[in-house]
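Visitor: Keeping the supplied structure of chain R fixed, place chains G and W upon it in accordance with the hints.
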Amino acid sequence: MLAIENLRVVYHDVISVLNGISLGVQEGEILIIIGANGAGKTTLLRAISGMIDFYNGDIIEGDIKMGESSIKGLDCTDIMKRYGVTYVMEDRPVFWYLTIEENLKAASFSRWDKQVKADMEEVFEYFPVLQPLRHKKAGYASGGEQQMLAIGMALMTKPKILLLDEPSLGLAPLITEELFQIVKRLNASGITIVLVEQNAHAALNIGTRGYVVETGRIVLDGKAQELLENEDVREFYLGSGEKERKSYKDAKRYKRRKRWL
Amino acid sequence: MKKRTLFILSIIVVFAFLGYGSIFAKEIKVLSQFPMSGPVGSLPEFGWGYIDGMNWVNGEGGGVNGKKITWYLEDFRYDPTVEVANFNKYAAEHSREELIMATGYITGGLKPLIEKVNVEEKIPWLDGSYSTEIFGEEGGPSKYPYYYSLGATYGNQIKVLMRWIKDNHKAKGKPKVGFVYSPTAWGKDGTPEGIAYAKQLGFDVVAEIEYPYTATDATNECMQLRKAKAQYVVYHGYSGAASYTAIFFKTAKKVLKGVQLMGTHYTTGRFPILVAQEAFDGYVGVATRPFLDAVPRSATPMDNPMVKLAHDFAKKHRPEEYEKGLKAGGIKDMFLYMEGLTYALFIQKTLIEADNNYELSREGIKKALDNMTWDFNGMFGGKVFSYKSHTIPMMRIYKAKVKMAKIQTAEGEKMVPTGAVVPISDWINTDEIKW
Amino acid sequence: MIDLLQSVGSGVLVGLVYALLGLCIVIIFKASEAFNFAIGEFLIIGSFLFYTLFFNETIPWHKALQIGVVIFLFFAFILFYDKNLRLRIAFPVGMVTGLLIFCFFFFGLKLSSLITSPLLRFLLAFPLGLLAAGMFGSMVERVTIKPLLGRSPISMTIVTLGLGFLLRACVQLIWGSHSYSFFLDLPDITLEIKDLLFLSDPIWAGILSLIIFGLVIAFLFRTRWGLAIRATSEDQAKAMAFGINARFVLLLVWGISALCIAVAGIMISNFGALSAGMGFVGLRALPVVLIGGMDSIGGALIGGILVGICEALAGAYIEPLGLVGFKEVAPYLLLLLVLFIRPYGFFGTVRIERV
Chain R
1 MLAIENLRVV YHDVISVLNG ISLGVQEGEI LIIIGANGAG KTTLLRAISG
51 MIDFYNGDII EGDIKMGESS IKGLDCTDIM KRYGVTYVME DRPVFWYLTI
101 EENLKAASFS RWDKQVKADM EEVFEYFPVL QPLRHKKAGY ASGGEQQMLA
151 IGMALMTKPK ILLLDEPSLG LAPLITEELF QIVKRLNASG ITIVLVEQNA
201 HAALNIGTRG YVVETGRIVL DGKAQELLEN EDVREFYLGS GEKERKSYKD
251 AKRYKRRKRW L
Chain G
1 MKKRTLFILS IIVVFAFLGY GSIFAKEIKV LSQFPMSGPV GSLPEFGWGY
51 IDGMNWVNGE GGGVNGKKIT WYLEDFRYDP TVEVANFNKY AAEHSREELI
101 MATGYITGGL KPLIEKVNVE EKIPWLDGSY STEIFGEEGG PSKYPYYYSL
151 GATYGNQIKV LMRWIKDNHK AKGKPKVGFV YSPTAWGKDG TPEGIAYAKQ
201 LGFDVVAEIE YPYTATDATN ECMQLRKAKA QYVVYHGYSG AASYTAIFFK
251 TAKKVLKGVQ LMGTHYTTGR FPILVAQEAF DGYVGVATRP FLDAVPRSAT
301 PMDNPMVKLA HDFAKKHRPE EYEKGLKAGG IKDMFLYMEG LTYALFIQKT
351 LIEADNNYEL SREGIKKALD NMTWDFNGMF GGKVFSYKSH TIPMMRIYKA
401 KVKMAKIQTA EGEKMVPTGA VVPISDWINT DEIKW
Chain W
1 MIDLLQSVGS GVLVGLVYAL LGLCIVIIFK ASEAFNFAIG EFLIIGSFLF
51 YTLFFNETIP WHKALQIGVV IFLFFAFILF YDKNLRLRIA FPVGMVTGLL
101 IFCFFFFGLK LSSLITSPLL RFLLAFPLGL LAAGMFGSMV ERVTIKPLLG
151 RSPISMTIVT LGLGFLLRAC VQLIWGSHSY SFFLDLPDIT LEIKDLLFLS
201 DPIWAGILSL IIFGLVIAFL FRTRWGLAIR ATSEDQAKAM AFGINARFVL
251 LLVWGISALC IAVAGIMISN FGALSAGMGF VGLRALPVVL IGGMDSIGGA
301 LIGGILVGIC EALAGAYIEP LGLVGFKEVA PYLLLLLVLF IRPYGFFGTV
351 RIERV
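Residue numbers (this note's numbering), protein chains in the order written: chain R, 1 to 261; chain G, 1 to 435; chain W, 1 to 355.
Chain R on its own, in the form it takes in the complex (with noise of 0.2 Å):
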C-alpha cells in the first residue's frame, strides 16, 4: 500500500542522507527497518509523514505513494489526516508538561469527535500501566511508561499505517518485550506497522518483513526469519558472527562525519 521509490533526501542542502532508497509495505505486515546509526532510518520516516520540511531537508528526487497517489511534499497534518500515516518520533515523543489524559487528547486533535472518549478507554485498556496515573504529567512517567504512551497516543490517531522510530531506546529489555508484543497486538487489529530498531533481534523477531538500510540505501531485503539466519546480519546487527569485522570502517562512517560537518 505504501510504496517509496528512488528516493533522495538532502538536508540543508548539502548532506545527502538517503540516496535513492526504494521499499514497498504491503498491508497488514510488521515491516522491520534495520540499519547503523546515520544509516537514514529516522529520515526515511520523516519523509514519508512529511516532517522533512520541518528539519530542513528536501525531496531532491522520488516518489512516495500511497496507493495510487503521491503523498511527496504534503504537510504532515494532510498525510496524517487523509492517509492515515501516524508517526511515533524517536525518543518518547510525549507532552513532558501535560497529563497522561491531556497527552491523549492532544494526539487526538486532528479527528476530534465524539469517539475520543471511547478510544481513550481502548488506549487505556491496550496499556493498563498508564490507568492510575491518568492526571499525573507524563515527564514524571518512566520511560517505559511514557513509550507506552507515544503509542497510545499513535492510536489516538486512527492510524493505518503505524512509523515506529526505535521503541525500545533506553528500555529495560523485559519492557521492550512487553511493547514488542503489544505491538504484535496492534498488528494483529489491523494496523500496518513499519518498525525502525537497533535491537535488531527482537524486532526481527515480531516481523514480517525486513529491510536492511546502509549509507541511504537498501542493501539487503527479505523475510524477517531469513534475515535473522542472514551471515552478514548476524555479524553487523546481532553481533554474534563467528568471523572477524572486516569493515568496521563502514559502521562508523556516520559518526566521523558528523564531527566534521
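Take these hints with a grain of salt, some might be off.
[Claimed, not checked] Just a few of them, taken from the derived set where beta-carbon distance is under 7 Å, the chain W residues facing chain G: (1) 10; (2) 275; (3) 281; (4) 316; (5) 325.
[Stated by the list, open to error] Quick list of in silico lysine to aspartate or glutamate cross-link-like pairs, EDC-like style, CA-CA up to 16 Å: (6) G:227 / W:192; (7) G:227 / W:319; (8) G:383 / G:320; (9) G:414 / G:426; (10) G:26 / G:278; (11) G:254 / W:234; (12) G:229 / W:195; (13) R:137 / R:101; (14) G:254 / W:188; (15) G:254 / W:195; (16) G:227 / W:3; (17) G:229 / W:3; (18) G:26 / G:93; (19) G:257 / W:195; (20) G:227 / W:195; (21) W:146 / R:75; (22) R:137 / W:234; (23) G:254 / W:192; (24) G:414 / W:185.
[To be verified] What the simulated footprint calls covered on chain W by chain G, stretch by stretch (three residues with Cβ under 8 Å from a Cβ of chain G suffice, anywhere in the stretch; the number is not a length): (25) 178-188; (26) 338-344.
Think of the hints as simulated: they come from the structure by calculation, not from any bench.
These numbers were taken from a predicted model, which means no experiment stands behind them.
Beta carbons: idealized from backbone N, C-alpha and C, even for Gly.
Guide: Leaving out everything else, chains G and W in the frame of chain R:
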C-alpha cells in the same frame, strides 16, 4: 584682425563683469530647523507655515530690499543631537559672510551649541525655547549674546500665573499652589523662579511633583495633590497634544474637584480641547502668541491682524489641510502654522532692518535685533515690544471654555468638543512689570 | 494606612493591565521561544483598530484601498500557501475579506450614529475591534514568523525588533502621530469611601483585563485548541507528528496575543488619549515577564500586579523624599532583586534560556 581683437576683448570684459557681479552679489542664507516629527508627534505645520511665509517674502513680500533670501529648512525630529549636527553641517558648508542667521526650536539643542554659536561662529540664533536658564536672569544677553528667543521665559510665565492667583484668590487663607513638571531638559525650567516668586507673594507651595511623559496613570500624582490640599495646580509640560497630558487632565478633573488647573505656553491651546475635551474646561494658562484658533475653526475671531494673516495664508496656500483639521494630514493647530510664518516674517524684518541701518552680516543682524522695537504686524494687540532682553516679553492669560456639542458630519451625528481658549487679560509686557 | 491602601489599590488596578501585557509575551514565548519586541506597535495598532470602530473614524479611500488590497493578498496567500489545492477557495475568500475590510475602514460601520448608548456601542465594538486586532496579529505572524518555523528563536526575536520599526512607520503613515481623544464613557463606577478614591477608568481597566486574562486561561486549559497550543508550546515537532497543525497554532497564538495587547492598549488609551507615540507602554511587559518568569502564565499575573504596586508605592512614598523619577526605575530594581534570588523569575521553569 581688429575685429577679432575686439571680439576677444569684449568677451573678456563680459566675463570680468560677470565675475565681478558674482562676487558682488553674495547670497543671504538663513537656516531654520523645526521639530516636524519625532516623539511628540508629527508637526509638519511648522514647515508649511515657514515655507509659505518664505515664498511670500521672496515674492510679493519684496525680499530684503529686493534681494532674495536663500533659505534652508531642516526637520530635526525633536532630537537635540540632530539639531546640533545640522547646524554644524551648514556652518561648515557655507561661508560666514553668507550664512548669517539661524533658528532652532528646543532648549535641548541650545545647550550643546552655546560655545559654537556664541564664541566660535558668532551667528544670531533665534529659538523657540523659552528656557529661563538661558534667557532669564541667570543667562541673558550678557552671557549668551547671540541667542534670541521668540517668547517670554517659562520663569516669567509662571510668575504671571502667580500674579493672576494673587489677584483672583477668593478663598480664605494663603493660596496653596502645587507644581507638576516633567523630567526633561526643559521640564523643570522656570519652576524654581516661579516657586521663589510664589513664596515672595506669601503663597504656600504645597507640592512639587515630577510627572514623566512615559506615564500610563496619573492617579497617584493627583492623589498627592489632593492630600496636600492644593487649590492651584501649575502643570508645566510640553504639548497639550501628548497623551500623558490628557491622562493628567482627565484624572485631575475627577480627583481634584474645585482645583484651578493652570499651565504654561505649550499646555495652553487647541490640542487639549480636542484631546482632553471637557476635562480641559476651566483651565487657565498663559501663552506668548495669540491662541485664538477655536474648535470649530470657523468660530475663530479675526480681529488680531496676525491671526487673520495666518488664516488667510493657510486658506490660500493650503486649503485642503486647512479644512481637514484634526484628521491626519491637516493643520491641527493654527498656532503651529502661524509659528512657521512668524519665523519667516521675523527673519525678513530683521534682515531689512540690518540692511537699512547696518550691514547684511552676522554682526549687523545682531545690532538690528538688539535695537529692534516692533509691534509684529499687530500680533500683540498693537503693543510694541523691544528686543533688549533677547526675548519677546509679551504674553497673555487665557481661560479654556469647552463644551460638548452634537454636530452633523459626513458620518452622521457626532458629539464633538467645541470651544476655545479665551483671553482673560490684556497683553502683558513682562519688561514693564515690577516683580 | 489609608494612603497605603490607596497606593496599593491603584497599583493593583494598573498592574492587572500590565499582567495582560505580560501574558501576551508569555504565550508567544511559550509557543515559539521568541520574545516579541514589537509589542508596543501591536498595542498601538490594536487600539487604533478599536478606535476606528468605536469612534467611527474613517480613513481616506486611497489608504483604505491599500489596506484592503494587502489583506486580500494576504488571505489569498495564506490559504493558497497552506494547503496545496485551495486556489478556488483562497481567491474568493481573500477577495471578500479584503473588500469587507476596505468597507470597514472607508465607510466605517457608523456605529456611533446607529447606537447612541455608549455602553451598548462599547459592547459591540469591543469584540469586533479585538477580532480585528487578533486578525492583524495572525497576519503579521504569517508573513514574518512562519517562514522561520523550526529555526532558532533568536532569529524570530530579531525579526520582531525590525517588525516594530516597520509597524511604527506604518501607523504614522496611516493615522499620523498626533493624539486622538479617547473617551469610552463606560458607566461611572468610581469608588469613594472617605479619603479613599478609585476612579472609574482604572477600575474598568482592572476588571476588563482580569476578564480577558481569565478568558485566555480558560481557552488555554479548557478547550481542545488550548490543549493544542500547550502541546505545541512544548515541542513543535512532536505536536506536528501527532497531527496538530503547529503552523496554525502559532498563528492562533499570535492572534490571541495581539488581541490581549489591544485590550491593554484600549484601557491605557482610555486613561488619557491615543497616539502613535504610546509604544513605550508595551515595554512595561519586560519587568513583568522577567519577574514572573518568561514561561509562566500565573507568573505574568503576579508579575504584573507586583510591578503595578511597586510603581505606585515608589510614586507615593519614595518620590516625595526627593528622588523624583524613581517610579520609572522601581520595577527594574525589583526585577534585579528577584533575579538575584531566582534567576528564572518567580514562577519560571528552571532551565537555561538564552534570550
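Visitor: For a C-alpha distance cap of 16 Å, please report whether residue 414 (chain G) and residue 185 (chain W) respect it.
Guide: holds, 14 Å
Visitor: So, residue 325 (chain W) near chain G? Judge it on the closest CB pair being under 7 Å.
Guide: holds, 5 Å
Visitor: Are the Cα atoms of residue 137 (chain R) and residue 101 (chain R) separated by 16 Å or less?
Guide: holds, 9 Å
Visitor: Does the alpha-carbon distance linking residue 137 (chain R) and residue 234 (chain W) stay inside the 16 Å limit?
Guide: Answer holds: residue 137 (chain R) to residue 234 (chain W) is near 13 Å, not above 16 Å.
Visitor: Let me know if the C-beta of residue 10 (chain W) comes in closer than 7 Å to any C-beta of chain G, holds or violated.
Guide: holds, 5 Å
Visitor: Within 16 Å, alpha carbon to alpha carbon, are residue 26 (chain G) and residue 278 (chain G)?
Guide: This hinted pair is violated, its Cα atoms lying about 55 Å apart.
Visitor: If you draw a straight line from the CA of residue 229 (chain G) to the CA of residue 195 (chain W), is it 16 Å or shorter?
Guide: holds, 12 Å
Visitor: With a cut-off of 7 Å on the beta carbons, see whether residue 281 (chain W) makes it to chain G.
Guide: Status holds, d = 6 Å.
Visitor: Need the status of pair residue 146 (chain W), residue 75 (chain R): alpha-carbon distance at most 16 Å?
Guide: With Cα atoms ~14 Å apart, residue 146 (chain W) and residue 75 (chain R) stay inside 16 Å; holds.
Visitor: Checking one constraint from the list: CA of residue 254 (chain G) to CA of residue 195 (chain W), max 16 Å. Satisfied?
Guide: Distance of about 14 Å is within 16 Å: holds.
Visitor: Are the Cα positions of residue 227 (chain G) and residue 319 (chain W) separated by 16 Å at most?
Guide: Answer holds: residue 227 (chain G) to residue 319 (chain W) is near 15 Å, not above 16 Å.
Visitor: Regarding the pair residue 227 (chain G) and residue 192 (chain W), is the alpha-carbon distance no greater than 16 Å?
Guide: Since the Cα atoms of residue 227 (chain G) and residue 192 (chain W) sit roughly 14 Å apart, the hinted pair holds (cutoff 16 Å).
Hint violations for this structure: numbers 8, 9, 10, 11 and 26, all remaining hints satisfied.
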